[in-house]
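Student: Sequence:
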Amino acid sequence: MDQFLKTRRQDTMIDRRTFLVSIPAAGLGLGMARAQQSARTGMFSGRSNHDTTGTAILEGRTLTLGDDFVLDRAPDPIVGLGRDGRWDPNTYMGELMQKRGRQVYTLPDGIDAADYNEAYIWCRAADVPLGIAPLS
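Sequential numbering of the sequence shown, starting at 1, is according to this note's numbering.
If you're looking for bench data, these hints aren't it; they were derived computationally from the structure. From a predicted model like this one, the values you see are computed outputs, not experimental measurements. Note that the Cβ used here is the ideal one computed from N, Cα and C, for glycine as well. The reader is advised that the hints may include incorrect statements.
Between beta-carbon pairs, the in silico distance windows are [unchecked claim]:
no., residue 1, residue 2, range
1, 104, 72, 18 to 24 Å
2, 109, 51, 28 to 34 Å
3, 114, 49, 18 to 24 Å
4, 73, 114, 30 to 36 Å
5, 75, 53, 18 to 24 Å
6, 45, 76, 30 to 36 Å
7, 70, 94, 14 to 20 Å
8, 39, 75, 16 to 22 Å
9, 88, 41, 15 to 21 Å
10, 41, 85, 16 to 22 Å
11, 106, 83, 15 to 21 Å
12, 126, 97, 27 to 33 Å
13, 59, 85, 21 to 27 Å
14, 108, 51, 23 to 29 Å
Please model the complete structure; the sequences and the hints are all you need to start from.
Tutor: Right, here's the structure in full:
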């Protein structure tokens, strides 16, 4: 009888250890699934008589302009986010690196990407949008 209880106790301990180790692993899997689902994409369209085209991808704290990105011209283009047709200057991520091709920008600290549904190319000099990409 003592041997039976001892064996049963060991089996229970192994089951508990396995269970406790599997909980964080399951949570990690869910976190990764959420991260993969959090990428939002959109296509730029020009504003203020400018031609702006190409892909925008917002994933986590990173905004990527795709290989297909093109801006025709502008004296002072900058990159940021907005919501429902309103540019938010607090989301400023930097000057546009180039007028064509892939480029990557990082959101400023304290900005939650979930609060925004548009990527912007903004003209700082004229204070007008050059292109907006609705993100979904």
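Student: Which of the stated hints cannot be reconciled with the structure, identified by number in ascending sequence?
Tutor: Violated hints (numbers, rising): 3, 6, 8 and 12; every other hint is consistent with the structure.
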